[in-house]
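Chain by chain, the residues run as shown.
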Amino acid sequence: MRGLSGRPILTLMVAALSAACSVSGARPPATVDQAVAVPAPGSPARPSRLSLPPSPLGEEQRIAHALNRLAYGPRPGDVERVRQMGLAAWIERQLDPERIPDEAVERALRAYPVLTMSAGELLRAYPRPDQALVQKVKSGEAARKEMREAFPPERRPYVITAQMQSAKVLRAVMSERQLQEVMVDFWFNHFNVFAHKGAVRWMLPAYEREAIRPHALGRFGDLVLATARHPAMLFYLDNWMSTREDWVLPAGPNRGRKLGLNENYARELMELHTLGVDGGYTQRDVIEVARCFTGWSIERPFDGGGFVFRAPAHDRGEKRVLGVAVPAGGGEEDGHRVIALLVRHPSTARFIATKLVRRFVADNPPPGLVERVARSFEETGGDIRAMLLTIFTSPEFFSAEAVRAKIKKPLEVVASAVRALDGQLLPPGSDASGGRPAVALLGGGFPLSRQVAALGEPLYEAQPPTGHPDVAEAWVNTGALLGRMNFALGLAGKRLPGMQVDLERVLAGADRRRPEQVLERLLAVILQGQVSAETRGALAAQLDSPDVEKLAALVLGSPEFQRR
Amino acid sequence: MRDCTRRSFMKGGALAAVAMTLGMGGLPRFLLRSAYAEGRSARPRILIAVFQRGAVDGLSMVVPHGDPDYYPSRGSIAIARPAAGASETTLDLDGFFGLHPAMLPLKPLWDAGRLAVVHACGSPDATRSHFDAQDYMESGTPGVKSTADGWLARGIEALRPEGASPFRAVAMGAQLPRILRGAAGAVAMSSVADFDVRAEAGATPGTVTARRGFESLYSRGVRDLLYGTGRQTFEAVRMLKAASPQRIAPANGAEYPRGRFGDSLKQIAQLIKAQVGLEVAFADSGGWDTHAGQGNERGQLAQRLAELGQGLAALDRDLGERMAEVVVLTMSEFGRTVRENGNRGTDHGHATAMLVLGGSVRGGRVHGRWPGLSPERLFEGRDLAVTTDFRHLFSEVAQRHLGVPAGAPLFPGFAASPSTHPGVFT
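Line by line, the protein sequences give chains V and G. For any residue, its number in the working numbering is found by taking its place in the first sequence, counting from 1, and adding 72. For any residue, its number in the working numbering is found by taking its place in the second sequence, counting from 1, and adding 113.
If you are wondering where the hints come from, they were derived from the structure by calculation, not from laboratory data. Any given hint could be a false lead.
[Unchecked claim] List of simulated lysine-lysine pairs, DSSO-like, C-alpha gap at most 30 Å:
| no. | chain 1 | residue 1 | chain 2 | residue 2 |
| --- | --- | --- | --- | --- |
| 1 | V | Lys210 | G | Lys220 |
| 2 | V | Lys427 | G | Lys258 |
| 3 | V | Lys269 | G | Lys258 |
| 4 | G | Lys220 | V | Lys208 |
| 5 | G | Lys354 | V | Lys566 |
[What the hints assert, rightly or not] Calculated from the model, a selection of chain G residues having no Cβ within reach of chain V, i.e. all distances over 10 Å:
| no. | residue |
| --- | --- |
| 6 | Asp180 |
| 7 | Pro237 |
| 8 | Ala306 |
| 9 | Arg435 |
| 10 | Ser487 |
| 11 | Asp502 |
| 12 | Leu515 |
| 13 | Pro525 |
In this text, a Cβ means the ideal position worked out from N, Cα and C, and glycines have one as well.
With these hints in hand, go ahead and build the complete structure from the sequences.
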């Protein structure tokens, strides 16, 4: 195969998408486009259909598979809707999210004002509590009431992460732009920042909104550049305080303090963001890259400031990165050169291809497909849509081995279960809060985000720069499995606050007095009827006490539903 | 090997099921014990690892009050010199080192020769990044991030798996920490009482049928990670039901500090006393990153040290003579700057102190070579230098206490031998 059959269409697609990309709105002041080879734009005409490869899977199975991989699982009726539209057309549409109307989600997201606020606005609206007062309350010198009055709970900084977490689950469950949400999650995780490191929390909404989301289906190089210059990343990986050796702070409370090189960002940029750990760089390269990025800093890091280049802190000497000379005196441009160099490096194409294929195909990515996706990266200068297209039109993606080869991550298990039952998240302020103030304040997304955290994936709270892992071993342990079963019981038993689950609608016409009919319907809706004989048998044995809620929970907690 | 393990699970499960149908009570414990102790001559040795996340200031936890450079360097955060009869001064240990006064409950353990300190211990990697350093301390491979599993997981994997219990490795918390990730299959639990299928709060019949339903779903399928874990899960649930560790109250008047850390230790003690086959337990302790307002004899750090000291002392009291089989090992990713910073706190440093309590520990002494605090002795001119690579200490604990074979790949690419062990065990 070697991807030849898809090639002409792919090239057309890419050309069209590149053309579309180049006019897409706000960008950081500079992009790496100049530095990275871009194929000459061809005809702007958009092909009407992708051609999908022959597959051993039946049509329904293929559609369900695609909904499990490009989306957070099918809702009742989704398989039929995709069938009517045509799977290829649906995939094409998902690759072009701007054209998919999503008003219901946009309305619902208005409940989370932090999403559109700047770091400065957030610092004013959700100020850091005065540490002296916090200490006084702890030691009993001040009453808790004093704290509540000075810093009421709804104005505390945790609201920022809580709203972000709620919104993330809400989008995963409700958005029509499913692939976009999958990719925003993927790239956020790839360029991870940890909400609870220093000032990052206040920078978090802008980071996802400005550095990740606009480029989720765009160009990889733009992602690297946007994250490199964003205060959240500069803070999280300490580059904001990395200076040339022995630079002395000229002003401020720490005036006279000697600073120096910090290798943190330089190392992760190569190890985790671009080349990969075996990508062929040395400790010397780490130091040289760190020298290039000296001076890339934050204007007023604890006051909502943006990117600033501090020329006096920059190392003006010559550097040598991966054997390439970076001439002396390059200033801020040094960092841009390094990013262009790294994005163009063959190790980066392979590393990113491997990670994408792992996300969409299997924990052990098929090497042939990785090669083809890496080639798409190289041919298009890192066009993410082109790489995804190579995956989605590959025989490997639609192979029998790929079906349910992946264990769902906690966010995936929670979002797909809610979608499977067509659960409705209630907005903040509605009565279904179950008397919980946090649910009244944050709506139904919040308790679901707590479920995701309880299963081991606290959103925006992955401390290491690697983000949350994407392989089965990380998510399958006894405690976590019990957690998944209990989540299924809570959801189907309508015990999650802020949620509405209508099993009658799910059952749609099945005769409740005939348990085997109820079971068939549940299996059809939740697992698209694709279920092992063992699972079907175990469930059929439960029918002597026909409790629909329990039955639905068992299907959601079954081994099949833990996979996608 | 795997089959052997599974067969033992089944046997244990069958016994637990019998015990349940017989109507609970304390009776089945010896049966359980015999199922899990199969092939062993003695009761299992147990290691409790405590991770002080955020980098504890080792110079305030175990104070080198005899070092002439200590007081000049530390300004307002220094812990006052030992003074006989005075409270809130350093508790002298050996004329040179002393315990922070907030850790008074640990002093009797020191005096009894059951608590040891390894000072100037840490990583050979110079990183001052919390997550890198924690990652390295948990993977056991400083400088290498691609290591997939944790060293404690490799340690228990290297122990004989015969008769292994599903509870041989338990981490208290929702997520399995890096240190226990690996082929050995550890349990992560937020609370012992919640480790079950919960259909409806208080509705036992619903719980039982839901549990049986899930159990049958996971009992038949192919042998893969998911089904295997599913089967282990229900073995574990049934075993815990039979043993009911949550009903075991702290003994000997032990009082655990309130909060997550105290709860974790209390529940680990319950699992030990219920004899569910625990070999390695893990608990987190947070709040050590004292960049500002660290305090001295009192204050932010003192509160954290008080919780740690009370917690460990309560565990020791609670477990009583069982402590002969138990070792507690504390660790933290790095230490803190020798010099007080501009915010009455300390920044990220290098070496710190680690505590080893219980078992056959050679206690009542501070192990390791003291590098000194004079400026020319400091690492990179600012931090306490590492004289004991943490891997030497950890491998001594793993080998001498748990019985991990010397040839096991505990720390790949690192050669630890009895001659390089710090000598914490007799």
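Consistency of the hints with the structure:
Using a Cα cut-off of 30 Å, the hinted pair Lys210/V and Lys220/G holds, with the two alpha carbons roughly 26 Å apart. Taking the CA atoms of Lys427/V and Lys258/G, the gap is near 16 Å; set against the 30 Å cutoff, the hint holds. The hinted pair formed by Lys269/V and Lys258/G meets the criterion: a straight-line CA distance of about 20 Å does not exceed 30 Å. Under the criterion of a C-alpha separation no larger than 30 Å, the hint pairing Lys220/G with Lys208/V is consistent with the structure, at around 29 Å.
Taking the CA atoms of Lys354/G and Lys566/V, the gap is near 26 Å; set against the 30 Å cutoff, the hint holds. For Asp180/G, the condition that its CB be more than 10 Å from all CB atoms of chain V holds, with the nearest at approximately 24 Å. Annotated as non-interface, Pro237/G keeps its C-beta farther than 10 Å from every C-beta of chain V; the closest such distance is 14 Å. Against chain V, the non-interface label of Ala306/G holds: every CB pair exceeds 10 Å, the least being about 12 Å.
No Cβ of chain V approaches the Cβ of Arg435/G within 10 Å, the least distance being about 24 Å, so the stated non-interface status holds. Every C-beta of chain V lies more than 10 Å from that of Ser487/G, the closest at about 20 Å, which supports listing it as non-interface. Every beta carbon of chain V lies more than 10 Å from that of Asp502/G, the smallest distance being close to 19 Å; the non-interface claim holds. Non-interface status of Leu515/G relative to chain V is upheld: no Cβ of that chain comes within 10 Å, the nearest being about 21 Å off.
No beta-carbon of chain V comes within 10 Å of the beta-carbon of Pro525/G; the shortest separation is about 15 Å.
Consistency note: the structure conflicts with none of the earlier hints.
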